[in-house]
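Q: Spelled out, the chains give:
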Amino acid sequence: MNDHSMNTVASASDRAFALKKALEEQALVPEGYIETFTEIMENDFDPANGARVVARAWVDPTFHQLLLTDGTAACAQFGYTGVQGEYIVALENTPTLQNVIVCTLCSCTAWPVLGLPPDWYKSFEYRSRVVREARTVLREMGLDLPKEVEIRVWDTSAETRYMVLPFRPSGTEDWTEEQLASLVTKDVLIGIARPELPALQPRVNQ
Amino acid sequence: MMDGIHDLGGVQGFGPMQHSANSLSYKPVFHENWEHLGYSLLFLGAGELGLFNVDELRHAIERMEPRQYLTSSYYDRIIVGVASLFVEKGAVTRQRLEELAAGAYPLALPLGAGRAASPPHIPFQSGERVRVRDEHFNGHVRMPGYVRGKHGVVVHRTTHEWPFPDTVGHGLPSASEPTYHVLFTTQELWGDAADAGTVVVDLFGSYLLKA
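Same order as they appear, the protein sequences are chains R and C.
The first sequence finishes on residue 206 if you use the working numbering, and the numbering steps up by one all the way, no holes.
The second sequence finishes on residue 1211 if you use the working numbering, and the numbering steps up by one all the way, no holes.
The shape of chain R in the complex, shown without the other chains (with noise of 0.2 Å):
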C-alpha cells in the first residue's frame, strides 16, 4: 500500500473479478455454480412469469381467489418459487386503486414472478420519491390517473415480495390466456403502468 498506484481505487469491473478469483485461490467455488446461477437469474427469473399468473388468475376464478389468499402457492402452480420468492402477495388493483411497489432500503423484489429488478427500480430518484409522491412519480413515468384513483405504494422493506394484480382491460372477453399475459409488462406487474390494448397504445420501441 506504499505505492501510490495502489491508492487508486481499483474499477468496479477489477474489484468483481478479483473477488471472484480470490475465493477461487481458496477452492470455495465449485465448479459451474457462478455460471448456472446466472443462467438462472437472466433466464428462469422473468416477468413474463408474473404475466402468465395475472393471465390464469383473470380466465380462472378459483385460481384468482388462491392467488389473493395464498400468492406463493398460486405462484408455486407453475413453479415459480424459490429465492426471493418464498412467500409472494398478489396485490389487487380496482378502478380507484393503483397498487405500486418499491423497496426504499435497497431493491428487494419477487424474482421468480417479476424477473431482477430494473435499473429505474434502484435509482435513488424512485426509492426516494415514490412512497411520498407517487401520483407525481407515476405521471412522470406516463400513468396520469383520475384523482379519485387511490395509489397505494407498498414498501418491501421486510420479507414479503409483492406483485400487482391489475384489473382486465375491457374487450379481451375472448383472448386467450397467451394473448391476455402479452398485455402484462414488468411495469405492469411492479404497478407503474396499467394493461392497455395494443390499439390503443403507441408502441415503443425496444
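There could be a bad hint or two in this list.
[To be verified] Now the in silico label distances, taken between C-beta atoms and shown as ranges: (1) R:Phe78 to C:Thr1093: 42 to 50 Å; (2) C:Gly1191 to R:Pro61: 41 to 49 Å; (3) R:Pro146 to C:Thr1093: 54 to 62 Å; (4) R:Phe167 to C:Thr1093: 49 to 57 Å; (5) R:Thr69 to C:Ser1023: 28 to 36 Å.
Since the hints were made in silico from the structure, they are not lab data.
Think of the CB as a built atom: it goes at the ideal place given N, C-alpha and C, for glycine as much as any other residue.
Got chain R sorted already, so can you dock chain C onto it with the hints?
A: Using the frame of chain R, we list chain C on its own:
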C-alpha cells in the same frame, strides 16, 4: 442501519424519473460482464457456503462510507458488500483482493453489536391500529425512518415467519416472527408536503406498539 444513507424513503432533492413506462425489455438483464458476479457470489456465500445471510449483506452495504454508497452503481454496492463479508468471515484477505485488483479495494466500515427482538406478547390482528416505536439504535434495521413514531393500521399478518433482521444482520442467531403489513396515510407521514395516498410498510412486530 438506522438513519443510514441508504434509508432513502421520503428524502427530498432527487430529480425526475428518467424511465418511461413499458419502454424497456427485461433483457439484457446485466449490462456489463462483471455485474452478474454481485448476485452469484452473494448466493455462493449466503447459500452454497452458508458463510453469511442476506440481512448481513444488506447491512454490509449500509455500512459503506456514505459518499462511496451514493457514487457507486447498484452492482458495485453489491460487490463491496459481498467482498466485505468474505473478508470479515475470514474467507479471503483484503490484501489479496487489492493485489488481484491492482488497486485500492474499499470495504464496509466495522460491524456493531446488533440487538435482540422484542415482539409483541399478543400478536396484532388485521384492522388493529399500531404505532411504530419511536426509537434510535446503532445497527441493522428494516424499519424505514419515515415511519418512526407514526400511526398506522395492520392490513395483514404474514403466515410465514423470519428471523429478526436487527439480530441476524449482525451474524447472531434469532428466533422467527411474523411481519405485519401496516398501512399509513401520506398525511400521517409527511403532512401536506406529499401527494395524497397511502403507503404500506412490511414491519416486524418488534418495531410496533399497540396504538
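Q: Give a verdict on every hint.
A: The hints, checked one at a time:
Separation of R:Phe78 from C:Thr1093 is about 44 Å and conforms to the stated range, judged on CB atoms against 42 to 50 Å. For the pair C:Gly1191 and R:Pro61, the supplied restraint of 41 to 49 Å holds, since their beta-carbon distance comes to about 42 Å. Taken as a hint, the range 54 to 62 Å holds for the pair R:Pro146 and C:Thr1093, whose Cβ atoms sit roughly 59 Å apart. Between R:Phe167 and C:Thr1093 the CB atoms are about 55 Å apart, so this pair conforms to the stated range of 49 to 57 Å.
Between R:Thr69 and C:Ser1023 the beta carbons are some 34 Å apart, a value that agrees with the proposed interval 28 to 36 Å.
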